Every structure is written in structure tokens, then in C-alpha cells.
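Participant: Single-letter residue listing:
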Amino acid sequence: MVLDVKSLVDAEAGLISRRIFIEEEIYQEELERIFARCWLFLCHESQIPQPGDFITTYMGEDSVLVMRDTAGKIGAFLNVCPHRGNRLCRADNGNASAFICAYHGWAFGNNGDLQAVPNLQDAYYDDLDQSKWGLVQVAQLDTYKGLVFATFDKDAPSLTDYLGEMAWYLDSFFDRREGGVEVVGGVHRWIIPCNWKLPAENFGGDAYHVAWNHLSALTSGFTRAPAARQTPGGGTISPGNGHCILAVGAEDYSAAPVEIIQEYEESIRAETLDRLGPRLEKMTPNVGTVFPHLSFLRGSSRSFRVWHPKGPDKIEVISCQFVDKAAPPEVKEALRITGLRAFGPSGALEQDDMDNWEECTRTNRGAVTRRYALNYQMGLGHDRFDEELGAWSSDFRISDSNPRYFYQQWARLMLADTWAQVSAG
Amino acid sequence: MKDETLREVEQFLYREARLLDNRNFSQWLELFSDDLRYWMPTRSNRYPVSSKAISILDASRYEEEEISGEDELAFMEETKQTLEMRVARLDTGMAWAEDPPSRTRHIITNIEVELADSSDQLRVYSNFVMYRNRGERDEDFYVGSREDVLRREAGHLRISYRKIVLDQNVLLAKNVSNFF
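Order-wise, the sequence lines are chains A and B.
Residues 4 to 428 in my numbering are what the first sequence spells out, letter by letter.
Residues -12 to 167 in my numbering are what the second sequence spells out, letter by letter.
What the hints contain is simulated information worked out from the structure, not anything from laboratory work.
Where hints are given, some of them may not hold.
Pulled a few chain A residues facing chain B out of the computed Cβ check, cut under 7 Å [to be verified]: (1) 95; (2) 99; (3) 195; (4) 340; (5) 351.
Here the structure is a predicted model, which is why all the values come from computation and not from measurement.
We treat Cβ as the ideally placed atom computed from N, Cα and C, and that holds for glycine.
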């Protein structure tokens, strides 16, 4: 299928077609051109700290097994038995030296190698090259500050190049103190009947919805508004390659309305400023999305989550909480409890998002509705490249500028056959 | 356990279910003691140690328990105060997940009552089916078990602890905007 991508995304005019949120044909192209090519987030290293530890997740709709082999090296593989295509590992996580397929008993080591095949001598006549039938491995795997990413595309740029300037913004969430962060035990997983791009652009660029969509959580004490200031600061920041950051003002660096967390933030302020440098005195990165679908926040909850696509109108969220490794236990505990009350399926903030994303998806089933482009025109012409931020930045803290860059990158990937064409834009 | 105690606990839980389904949340909150812990953990898929689907490498670290621990993420982990905040939020006219509101029906069954650790407390086990219907065709079935600790305060039964175990791994509902 040749898509007329230019008719779907007109970033310069701030118009986005509703078709990209509902049509199956476009979704199938996304699985190929975005999810099978981009660097995708797998897990945090602290979720698989020891040899044999494994976790299952998804890359696009592909089931993926991420594991630390007996020698301690992290690998990622299709979680699929190459023999008949059965899903190999059915557990969310665990520790293993080997995985044995439940169908015929093919056994794979924690490095992906095919180790044993029942009836190899009598039924295969010893004529099976086991080295060719191991688990299918990702093309590239790399980590950044404990965040494990992989891509199925051997031609994709390095993770360093893919993240580009976004790396510093990730530092401001995941590397504020010595030792970085660790993941709180347990996970929130749930199904939302919405297109994956809606939550990705929401976390990446929608400072607009906070004051209305989440006003009830604000007035009932689950979060707090930044202090009223003449110049509240903050902005929407696009460091390139479709990555997005929402920032609040430099002085609003401790959002959770909990005394012990605010005191903690005060106590480490000098250290984080020293570690992250003067850019942090311009604004506080607060929410963001690594293109295409890893989002994270550090306000009333410190959470990272992946919006795994499950069709054009469905996602599965896998969401975790993180804390500074060097934080005292009582601060970690306060962050855990405050965070899960605000974000997650029951979160006093997040539960209202789900409902709106669902309806923003479902309405697009209407053939006539789909004819009318969506409005992403807020702040058009009111952003500029800010040398100090190393990014495109909106003049006002609320703007559609981030989603425009996000969908521009989406369009580039949907159009381009090679990564060179993506970069040339 | 005396028959009248069993009957009293049953009626207490049925009345609680009616208050929830009638969205009478302020009266529902009165059924809890001030030191309430209201906890809904999550569930994992994990191979038991006996499973032949994996060979465990490090048995000393292998975690078989599939219900999330008290120091881990939970669907809900509330005090009476935060439940009050949740109810107050519903009254703001801007709690979009419940505006328009859900239609819920709590079916409470398999009630067992036993004396808890101290003699003035009861430990009550029950199962629930909570049907939720919302909007035109949203439908969710939440099925699971509860473990409550009840005690008498000024002559009235009050819930001081509730553990809600939902029989799902990936939550199949888009959100949890109701109470159990």
C-alpha cells in the first residue's frame, strides 16, 4: 500500500488527519515502518539485575523476551519458538537458565541458543543445524542510564544518535543523583481502547489538558498546581527525532503535594543542579515521550510507561515507578504511595485521561467525522530553536508545537524507506 | 462463631454493597474505621518452582508469589482520608471517568467469618462479582476476593482493613474508578 502520508500530516498548517488514529491499513504500516525500525524501550536494568533474570514485554505487537544470560549480558529475542511459532515464555518475569517450549519441548538457553530438541536422533536423523534455530534476536540493543532499548532494524542509527539531545532530558528524570534510579517492584498493566499515539502525544505535548481534564484531582488534593507566578515559565520542548518534553518553571521542581517529598527535593537541589548543569535553571522537565511510545513523568507520580499498540484502537499499558536509588527509604515509600494514587488505572489523575482517549479514538469510526482534520494549530509560529535548551521551544508554556514535531517525525518514518531519508526529512 | 454474628456480618456487607451501587458514598465511608488500610494488589504471571517450562538458574532468588507485595505497586492503596479525597473528587462535577456515572452491581458471596488475632476483631472473607456498565456499552466484570478485618466501634461494625484480590493479570478494564 502506498499511503499519501502528506495528506495525513500537515505539521506546517497544524492539521492532522483522524484516519491515522483508526484505520487498520495505516496501523499495519506503523507496525512495519515505526515499530519494526525505531529504538523501543524494553525495561530498566534494575528489573533484571542478576544472571538469569528475565522479563517479557512487546516491541510493537511482537512478544519479546528480555533476559540477562548466565554471563550477565542482556539480550532481547522474539518470545516465539522458531519451530511452530508457539509463544515460548508465558511468565511476566522470573529467573531461568533455560526455557522449554510447552508444545514440543524445544529448549533454549538464556542467551537464545537452541539447546535441546526432543527426538533429535531418531526423528530428525541428527540432521538439524541447531545453530540456525535459536530465538530470533533483536538487531541492536543498547542501554542509556539504565534504560534498555532495542531495535529490529540493523540499519537504525545508534541509540546515542537516535536519542540525540533528548539524552540530557532523560538524565533530568533518570540520572539526577549518583546511581541513577531503581524501579519499584510490581507493575501496572491495563488495556485502554484508544490509539497509541493519543497517550504518547498527551505525555509529550499536552500541557493544555492539565488545568481542565485534571482539575478535579487538583481541587481534591491529589496533585498541586505550580505556584502562581507572574512568569510561571516552562514550555514545550522538542529536542529532535520526534522526542518531546513538557517543562514547568525552574522553581517548580517538586510537584508532589507531600511534605517529605518536597523536603527531599529541596535537600538534593544543589546536587542535581551541579550534576545536570545550568540548563536546569531555565526550566524543570516534568513529562515526556521518547518517540514513539515511551512516556515518563515526575510530578505527582514518578512513572515510566510504554503504550504497547494492540490494533489501531487498543493499547496495553505497561507502567512502572522509579525512584532515585540514593533516596532514603521513607522518601521512596512516600513516592510509591503518592504515585500510585495519582497515576495508574485507579489514579485520581490518570483515570480521567483513559476515558477521553477512548472517545477521541472511537469517534473516528465515523466516515464523515474522519473527513475533518484535527486542530493542532495552537501556538503555530510561536516557537523557536533555543540554543541553551538544544531544542525547539514554544514561547508560551502551553502549545501544540511538540505534537507537530511528533507527527512530523511520524510522517517522515511512514514515508522514508531508509534512515538516511528519515534524517534528510 | 455465633449464628447471629454471621447474620450481622452478612447484612453489613450486603448493606455496604447497596450503598456503593446507589452511589451513596458518604454513608459508605462511615463504614470504615479511621485507621483503615484499603489495599488492592496486582497479580503477576509467574511459573511455580515446580514448572518444567523453565530451568531456574538462581533458586535462592526465585520469586513464586504472584500477588504484589506491600512495598510494591498496587491498583489501590488507600487510607480513610484518601478514600474521602476520592469521594470528594467524584463530587467536583469534573471526574470525567465517572461523569456520567457508572452503573455498578456488587454481588457479594462466600462469606466466612472467623475471630481475628484479637478477640474483639473479626476476619471476614468474601468473594465478589462487580458488574460495571457505563455510557452506551462499556462493560467490565471485576471478579475477586476480599479479606476484611471488622471491629465494633460504639456498637457499630467498622472495617479497619480490606484486601481486594482481583482475578486478573493485565487489568482488562480501562480504569478503576469504582470501589470494591
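Participant: Compare the structure with each hint and give your call.
Facilitator: Status of each hint after checking the structure:
no.: 1; hint: 95; verdict: holds, 5 Å
no.: 2; hint: 99; verdict: holds, 4 Å
no.: 3; hint: 195; verdict: holds, 5 Å
no.: 4; hint: 340; verdict: holds, 6 Å
no.: 5; hint: 351; verdict: holds, 6 Å
Figure legend: structure checked against the earlier numbered hints; every hint is met.
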